Amino acid sequence: MATVKTKKTTKSKKASQIPVRYRVIGTRPIRHDGVDKVTGRAQYGADVQLAGLLHGGILRSPHAHARIRSIDTGKAAALPGVKAVITSADIGPVTDRVVDLGEGATRLQHLRDNILASGKALYQGHAVAAVAATSPHIAQEALRLIEVDYEVLPPVLDLREAMEAGAPLLHEDLHTDDLGTKSMQPSNIAKHLRFEKGDLEKGFKKADQIFEREFLTSMVHQGYIEPHNATAFWNADGRLAIWCSTQGGFTVRQQAAAILDLPVSSIKVIPMEIGGGFGGKIHVYLEPVAALLSKKSGKPVKLVMDRAEVFEATGPTSGSHIQVKIGARKDGRIVAAQAQLAYEAGAFPGSLVVCGMMCIFAPYDLEHQRIDGYDVLVTKPKTAPYRAPGATNAAFASETVLDEIAEWAGIDPLEIRRLNGAKEGTRRADGLVYPRIGFLETLGAARKHPHASAPLEGPNRGRGVASGFWFNVGLKSSVTAAVNSDGTVSLTEGTPDIGGTRTSVAMQLAEVLGLAAADVKPQVVDTDSVGYNDVTGGSRVTFATGLAAIEAARDIERQMAERAARLWGVPASKVKAAGGVYRHATDSKKKITFKELAARLDETGGPVVGKASLDTSASAGGGFGTHIVDVEVDPETGKVQILRYTAVQDVGKAIHPSYVEGQLQGGVAQGAGWALNEEYFYDDQGRLANASFLDYRMPTALDLPMIDTVLVEVPNPGHPFGVRGVGEVPIVPPPAALANAIYRAAGVRLRQLPMNPGRVLEAILTRDGKPPSKA
Amino acid sequence: MPTVFIPAQLQSFTGGARKVEVKGKTLREVIEALDAAFPGLRDRLVEGDRLRPGLAVAIDSVICSAGLRQAVRKDSEVHFIPAISGG
Amino acid sequence: MKAVMYACPQSLDEAVGLFAQRGPRARPFAGGTDLIVQIREGKKEPDLVVDLKRIPELNELSFQPQRGLVIGAAVPCSQIYEHGKIAGLYPGLIDAVSLIGGIQIQNRATLGGNLCNASPAADGVPPLIVHRAACRIRGPRGERTLPVEKVCAGPGQTALEDDEILVSFHLPAPPERSGARYLRFIPRNEMDIAVAGAASYLELEKDRQTIRGARIALAAVAPTPLLVEEAGGCLAGERAGEELFARAAAICREAARPISDMRGAAWQRRHLVEVLVKRTLQGALQRARGGGASPQGRPGGVNDGPQGRPGGVKEQDS
Amino acid sequence: MKLHVKTTINGEEFEFLCEPRESLLEVLRDRLGLTGSKEGCNNGNCGACNVILDGRLVNSCLVFAAEAAGRAITTIEGIQGPEGLHPLQEKFLEHAALQCGICTPGFIVAAKALLDRNPDPSEAEVRLWLAGNLCRCTGYDKIVRAVLEAAKSTAVVMEK
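Taken in sequence, the protein lines are chains B, W, L and A.
Note that the numbering used here has the first sequence beginning at 81, numbered continuously upward.
Note that the numbering used here has the second sequence beginning at 254, numbered continuously upward.
Note that the numbering used here has the third sequence beginning at 4, numbered continuously upward.
Note that the numbering used here has the fourth sequence beginning at -12, numbered continuously upward.
Note that these hints are calculated values from the structure, not bench results.
As the structure is a computational prediction, the values presented were derived from the model and not from experiment.
Hints may contain errors.
With a straight-line Cα cutoff of 27 angstroms, these simulated DSS-like cross-link-like pairs (lysine-lysine) come out [unchecked claim]: (1) 5(L) / 139(A); (2) 56(L) / 155(B); (3) 276(W) / 271(B); (4) 276(W) / 405(B); (5) 155(B) / -11(A); (6) -7(A) / 379(B); (7) 46(L) / 209(L); (8) 276(W) / 285(B); (9) 271(B) / 286(B); (10) 282(B) / 601(B); (11) 503(B) / 601(B); (12) 654(B) / 671(B); (13) 276(W) / 327(W).
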């Protein structure tokens, strides 16, 4: 542990070389892509127009689980205007293998089968065939002419039933990886994982009280407003171009290459502006299909999902069943904690249960822990990450039990968190030891916030508190930055900008070079035009692409110093750069600004280009948030109204505070929707009954109050400006905070998400001895 | 000697031991030493000349990016963890 | 979307002619907020949509003390709540038209469409029922009148023949000391379909205590909007009060025949009907006594500010 | 069979041919190249396709293109005046009222329709008016503030 500390301290010293009084960092410039986005000029994926463009459509399974006996596409192909029809047979034979997609590995067969079903349809909405035609309407008409012979099989909709022996199997060849041992019988449980620390039994023996609780959460969707889209053109030279809405052009390239069995270099992915992702635009759905349709028709093909397709066939995040057992002493100290998390993977293995396992007790310093996780197949869409994937479900369980313990021990909810809170040096259940983190600081800031002590006026009102953690990731980013003769810098990035990261990255480059944010011209480019980049995800872009921009800026600074040296005829070592001014170390008359120097590049050796390609995995700082919420519960209807919300978070260093606040506010809104109304509502045949914005019920402007934010800045030692990822943490606490507030307002503990009016009402009626008769 | 934390799914190789100490100055050496002590472990950690897809290594709680060449000190802790990113 | 033709007749006769020709293959079209979606989803497959928005009779919106209120079937919701006179006289109707969809929908959606779409959850229909609206219906065989409560026959089914057009609604002028209130329950604060809805209408004697007459209609708890005559009947001649209202609410609860679906469970809907009937009776009573104030505020204080809509109508969900 | 439609968009006369089944949104985007109006749901529940039709805010996905005949339409492309950005657009930028930006055109068009009718709305009125527009990124806080600030700034201009 000591060694860890020392190592970190060294890094902090290095960081301190950059002045802490910033000129650009921490200011709020207008984002570089802003005007295009407020005038409607920004080009998103669905806006792509190409000469001769065909429009595609996808036929989807109406059944949750069915064997596909045959597909007859003859009538569809014969419809005038139809240029291509494909099924999984057009993907070609596959040798199954595990493909590494940079940020996760998956079986190629599963990757392909999710694009176009072969053999079995495994969820309602599973793609079965696709067409391309001269208009979207003709494509839709053609889909109706495709005849599929299904043998309908029983759906598997309930997580716990799916785990039972004898449940209908999704994959007859899938055996459980049970703590490293392969199960004898095939099963819907893909994996059983465990984290363990200390001696659980010993811990529980020290407890004055043990709390055992059980939680259920429903599958929910990321709910980005822009539907998935992809346009592909398979050129006669074998080069494939894909325009799409994605969190990562390079992951699209990698997945498409694997599915289509092409070298990555023959695919160029052009990431268009992206209308929200939240983890849901990492998996490919349409891109390879559009490519195959283009190959078959010889023309560019555009596929755009409608909203129902987005709900039915793209990645929601896992519904879950979580059991928590926590032992506490009378003084509020937690002595042992155990959890069992079962997460829905959907139709193919790969839920992010492991993230839930990592996060469930992560805010606390607990000696004895055991956490088991199960990855479980159900006949629902393959799940995808969703903003701090797995952590929100987990925190709903742990943070509401903690609230119960606080009440039992007679301790303030913020205080019990402080009492047990993790800090630098705390070892998590997964074994890792925290570097400098800011959890306790968020608790302190929450306590000081006026919201924490404001009186609650009126009946049926209550206040809840909860905290949350996300580890944040670094991964790989590459940028290039070219100095222009007018003293500006063109910055080329490969991480799609979903929430203002062009600007937050450009600001870091500007800070190092002593430029204004507006002097940097950032753009996100295609996969042929920049080095490899991992996805915009894991709250990593401002951190990792920012680090790359800082490196590129330093590269430019070195080169510019050399140019100044050349101008003055002195050795480069004599030139010192600071704040955009290059000075001779000893001759004070010799100084030149970045802008002046940029105008003289031609006479000193030609263009200057800075570049950086980094793997920043080592230093991503974990993030913590603590939320306070007031609600009013209508005891007659069970409806919960959010009255006031405050989100406190350790953000490390806010590069552009407005967009950091925006991340917190957006995370809260999503978390509140998940908490109160959002869910995948399946009928007993496994058909999604609410695949529309109307019935999925995401929060509107009228459902939320202003969301107050407090940015706590405990610098991440792994970043020269102290940046931590901020995007994911804020979705983690809201369901628990709301559950705790509902309890204090209405006296009922809700342990199932969503806590919609029906559930709250049922709990209130049951508490009053009048449980509803559901006959 | 570096301490290797054995994930639950590999503890069947170590007879249930959660932590073992092995010699090694690089991750490669550590894994070789592990495999010598607990035959078969290497194949669960390494594929060809690389870590298996989906697996990451943290040395002293820092996720490392140098693969099997990563340096390991005498008092280091080595953790094998799932490679994951986020939303 | 399957191919379809579009016609935009300028007169009622022209429209009637089109339907006489095409029968069930033609669909009337006004706001389009239901029909376009239904065609897009393949739930309705007309060959022809007949845009009724340019026919004068379907665009009438007028009030005269003798004649009462005439609302053309193609008048969008926002025009109704922006009409100076209607808001004061038919507050129960205003409650409903100002909470259908968002502003964008209210600028297109019509009461005619709301009724003829025949959704059990239509917000516009229960207030029309309690305000005793009659429908003027025109077809090739002439004209007829039908009380609103007789129009819906089941989900998506109406008593209109395929060649008939709903022209307008006719609501009698409200008597003195009358008032109405519509509330629906939705999980969010806007943009949802009612889990349950209730409209109550009360007419008081001169003492402002005794109920002369009452009507209560429900939404989303039966295959059609439901007029519960027995509930209204039990109020007549009685002194207004909580216990009395609870009795009417209990009758409504018994009359409800809800289903369970993704929007709510049957038990929840029955429970909500009781709550909503009590609340709307209180609201109707206040209005009948001349108090425009709403009985229940929207939690969260969002309705505490100035009036939400240009029409000056405050609206709430329950 | 195609229809010939004459209409006015952002103050200019347009003529187009379309099938009767095409929505106004489809024609704006695919036939006229006005891709600022976005499709988020295609059934009137998100507001990303908002346009102003004869002074009224509507979802262009729920309007047949044929209905545009003889009417006046304002799209996001027509909000900016010759003198520069509309105050709403400026305030959206200043207040960081957008993240991914896909809902932004719809919000700005909707807010424009609000301020045209009510130049000084309260927070509650703004929230109610914008309830038909979904944003998944911002939690609405900064959007509501931007609209309120834009109202203030236009009020100042009018006083001058």
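Now the hints, each set against the structure:
1. In summary, the hint linking residue 5(L) to residue 139(A) is not supported, as the alpha carbons are separated by about 47 angstroms, beyond the 27 angstroms threshold.
2. As the CA atoms of residue 56(L) and residue 155(B) are separated by approximately 39 angstroms, the hinted pair breaks the 27 angstroms bound.
3. A threshold of 27 angstroms between alpha carbons decides the hint, and for residue 276(W) with residue 271(B) the separation of about 31 angstroms lies outside it, so the pair is violated.
4. For the proposed pair residue 276(W) and residue 405(B), the alpha carbon gap of about 38 angstroms is over 27 angstroms, so the pair is violated.
5. Of the supplied pair hints, the one linking residue 155(B) and residue -11(A) holds, its CA atoms being roughly 25 angstroms apart against a limit of 27 angstroms.
6. Among the hinted pairs, residue -7(A) with residue 379(B) is inconsistent with the structure: their alpha-carbon atoms are about 32 angstroms apart, more than 27 angstroms.
7. Proximity of residue 46(L) to residue 209(L) is assessed by CA-CA distance (about 51 angstroms); at most 27 angstroms being required, the pair is judged violated.
8. Under the criterion of a C-alpha separation no larger than 27 angstroms, the hint pairing residue 276(W) with residue 285(B) is inconsistent with the structure, at around 37 angstroms.
9. Taking the CA atoms of residue 271(B) and residue 286(B), the gap is near 32 angstroms; set against the 27 angstroms cutoff, the hint is violated.
10. With a C-alpha separation of about 59 angstroms, the suggested pair residue 282(B) and residue 601(B) falls outside the 27 angstroms cut-off, and the hint is violated.
11. At most 27 angstroms may separate the alpha-carbon atoms for a hinted pair to count; residue 503(B) and residue 601(B) exceed this at roughly 39 angstroms.
12. Under the criterion of a C-alpha separation no larger than 27 angstroms, the hint pairing residue 654(B) with residue 671(B) is consistent with the structure, at around 11 angstroms.
13. Straight-line distance between C-alpha atoms of residue 276(W) and residue 327(W) comes to about 8 angstroms, which keeps the hinted pair within the 27 angstroms bound.
Of the numbered hints listed earlier, those contradicted by the structure are 1, 2, 3, 4, 6, 7, 8, 9, 10 and 11.
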